[in-house]
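**Q** This is what each chain is made of:
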Amino acid sequence: MEPQMKRWKGSEFDTDSWVAYPVLSDEQSQDVELVEAFAAPIVNKKETSRLVRELNGLYPLDGLQHIKRVRACKEKDSPHPLEVLVCLVSDAPDRKAVSIDSLLPSDGVGRDGLGEPFVVKVPARPPLTRPQFELASKQWPTSFHEDKQVTVALRGELFSPPQKAAMHMYMMSAIAAARAGKEMGMEAVGAVVVNPATQTIIAVGHDCRGDHPLHHAVTVCVDLVARSQGGGCYSFDRYPACRFTSPTSDTFQNVPDAEGSSQPYICTGYDLYVTREPCVMCAMALVHSRIGRVFYGTASADGALGTKFKIHSQKDLNHRFEVYKGVLSKQCEGLNKLDNHIL
Amino acid sequence: METQGEIKATSAESFYPRDEDIEKWMANAFDMAKDALENGEVPVGCLMVYNDEVVGRGRNEVNETKNATRHAEMVALDQLLDRCRHSNLDVRSVCERTALYVTVEPCIMCAAALRLLNIPVVVYGCRNERFGGCGSVLDVSSADLPQTGNTFKCVSGHRAQEAVEMLKTFYKQENPNAPKPKTRKD
Ligand SMILES: [Zn+2]
Ligand SMILES: [Zn+2]
Numbered sequence: 001m002e003p004q005m006k007r008w009k010g011s012e013f014d015t016d017s018w019v020a021y022p023v024l025s026d027e028q029s030q031d032v033e034l035v036e037a038f039a040a041p042i043v044n045k046k047e048t049s050r051l052v053r054e055l056n057g058l059y060p061l062d063g064l065q066h067i068k069r070v071r072a073c074k075e076k077d078s079p080h081p082l083e084v085l086v087c088l089v090s091d092a093p094d095r096k097a098v099s100i101d102s103l104l105p106s107d108g109v110g111r112d113g114l115g116e117p118f119v120v121k122v123p124a125r126p127p128l129t130r131p132q133f134e135l136a137s138k139q140w141p142t143s144f145h146e147d148k149q150v151t152v153a154l155r156g157e158l159f160s161p162p163q164k165a166a167m168h169m170y171m172m173s174a175i176a177a178a179r180a181g182k183e184m185g186m187e188a189v190g191a192v193v194v195n196p197a198t199q200t201i202i203a204v205g206h207d208c209r210g211d212h213p214l215h216h217a218v219t220v221c222v223d224l225v226a227r228s229q230g231g232g233c234y235s236f237d238r239y240p241a242c243r244f245t246s247p248t249s250d251t252f253q254n255v256p257d258a259e260g261s262s263q264p265y266i267c268t269g270y271d272l273y274v275t276r277e278p279c280v281m282c283a284m285a286l287v288h289s290r291i292g293r294v295f296y297g298t299a300s301a302d303g304a305l306g307t308k309f310k311i312h313s314q315k316d317l318n319h320r321f322e323v324y325k326g327v328l329s330k331q332c333e334g335l336n337k338l339d340n341h342i343l
Numbered sequence: 001m002e003t004q005g006e007i008k009a010t011s012a013e014s015f016y017p018r019d020e021d022i023e024k025w026m027a028n029a030f031d032m033a034k035d036a037l038e039n040g041e042v043p044v045g046c047l048m049v050y051n052d053e054v055v056g057r058g059r060n061e062v063n064e065t066k067n068a069t070r071h072a073e074m075v076a077l078d079q080l081l082d083r084c085r086h087s088n089l090d091v092r093s094v095c096e097r098t099a100l101y102v103t104v105e106p107c108i109m110c111a112a113a114l115r116l117l118n119i120p121v122v123v124y125g126c127r128n129e130r131f132g133g134c135g136s137v138l139d140v141s142s143a144d145l146p147q148t149g150n151t152f153k154c155v156s157g158h159r160a161q162e163a164v165e166m167l168k169t170f171y172k173q174e175n176p177n178a179p180k181p182k183t184r185k186d
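These protein sequences, in sequence, are chains Y and W.
Quick note on full-length UniProt numbering: the first sequence kicks off at 1 and runs consecutively.
Quick note on full-length UniProt numbering: the second sequence kicks off at 1 and runs consecutively.
If we strip away everything but chain Y, and leave its shape as in the complex, we get (with noise of 0.2 Å):
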């Protein structure tokens, strides 16, 4: 345990060593799904224009208006320098036929200037993360709204050094938590609600399942904001390590908010710092407290905000948040091993 406490001295103020990434939805990180089309080369690139235009009112490519219609073609040596989108394989009179024919009823579109069609896949959604669409556009060119928030969040580069400073002291609270209920005998998890307006820490918690199965640092911890609400329900005053800070008048005078009080109500609004990837239970709490963001080292097996479900960003749900995983990764796994060792 010695060396270890060493390097986490070490390092207590280098921010350089970790990276919070964001956990994004199913829909922002699965893979590109791709469905079948019939494309066909404009041999006559007069007739380009015609072709679109009569191509779209015949098979307007519902649902894929991401797709663009015609690409230039990827060979340099080919004979025809622009290949056209004539219909989804799906949409085909007959889903074998392979001449131009087939695919292109008497009227509606003149042939003049079309190939013979041939099979490509194209991407069946709109990308939305730029690694998505990269994958995408490598299928068929494809068009991208960028949300650039999640672009530099899945570089890494979201947060600006004051703010990863700010973030690295906050974790280091849950850390210190965390150690703190590992020595009463706990499992060495360790939680910190922040109200990002003011920066100030509302409330720090650790695990207290010892003796009670449901006390787990993000429980613990709502309770202690609701606490610091007038609320609340349990007294954790036999933990010396678990507190919270009422806030007070001027911390809140500044702050603007929606409904026009300044009252605080439960976590909405607050950000959320924990050792370790919550459980189901622990993440729907979170959901029900209405909380800001939520900011974890490392993963866990059973963890619901990323490992087994995601969900701060689950359909059907009235609430999501944004979430990111690795802040102050090493040190987190650290207190894993802690609980490993006992184990």
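Just so you know, the hints here were simulated from the structure itself, not pulled from any lab data.
One thing to keep in mind: the hints can contain errors.
[What the hints assert, rightly or not] One-sided excerpt, in silico: chain W residues whose CB lies under 10 Å from chain Y:
| # | residue |
| --- | --- |
| 1 | Asn-150 |
| 2 | Cys-154 |
| 3 | Gly-157 |
| 4 | Glu-174 |
[As the list claims (entries may be wrong)] Straight-line distance between alpha carbons at most 35 Å, and here's what the computed DSBU-like set of lysine-lysine pairs gives:
| # | chain 1 | residue 1 | chain 2 | residue 2 |
| --- | --- | --- | --- | --- |
| 5 | W | Lys-168 | Y | Lys-315 |
| 6 | W | Lys-172 | W | Lys-24 |
| 7 | Y | Lys-164 | Y | Lys-337 |
| 8 | Y | Lys-164 | Y | Lys-182 |
| 9 | Y | Lys-45 | Y | Lys-121 |
| 10 | Y | Lys-315 | W | Lys-34 |
| 11 | Y | Lys-96 | W | Lys-34 |
| 12 | Y | Lys-138 | Y | Lys-315 |
| 13 | W | Lys-34 | W | Lys-153 |
| 14 | Y | Lys-315 | W | Lys-153 |
| 15 | Y | Lys-45 | Y | Lys-138 |
Just so you know, even glycine gets a beta-carbon here, dropped at the ideal spot from N, CA and C.
Since the structure of chain Y is already known, use the hints to place chain W with the ligands on it.
**A** Then chain W with the ligands, alone, in the frame of chain Y:
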């Protein structure tokens, strides 16, 4: 119910409430829900039964505690844990023979909490389309989560229409002038 000897002979897996138990305890849960509705509270009734005895009973306490996790099931689980502590009973062996009766499908959070405590059976009335953790939004009850306790069986649909009607009535009578996020229910 059964005698002590029979209880020991049956494993946790085979533990299953009989029809007359369901009838009786769900009637009790519905009475709680009705009572809550009449008092302007979230109409969810919930009780935990061990050895033919109620060991936990809960109603939604979100508003008074300012803790959004105080769903009826969590309150009832706390009562069960308190009782074990006071009576010096082993939590796990009690939980493994405890059934939860609740008028509405437990949410994702409560379903995970029930797993963590190894509750084997949940009997519920209507589905919870917004937050349900027994299949409506996610199926936490049967998901492969080896570090999250045990899976549990669900018996659903008992007096479902009645449970839905109570929820509808509650939503309708909510004060439209109240600040929106302050009224929360599971
Ligand atoms: Zn948890
Ligand atoms: Zn619940």
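**Q** Which of the stated hints cannot be reconciled with the structure, identified by number in ascending sequence?
**A** Hint check: 1, 2, 3, 4, 11 fail, others pass.
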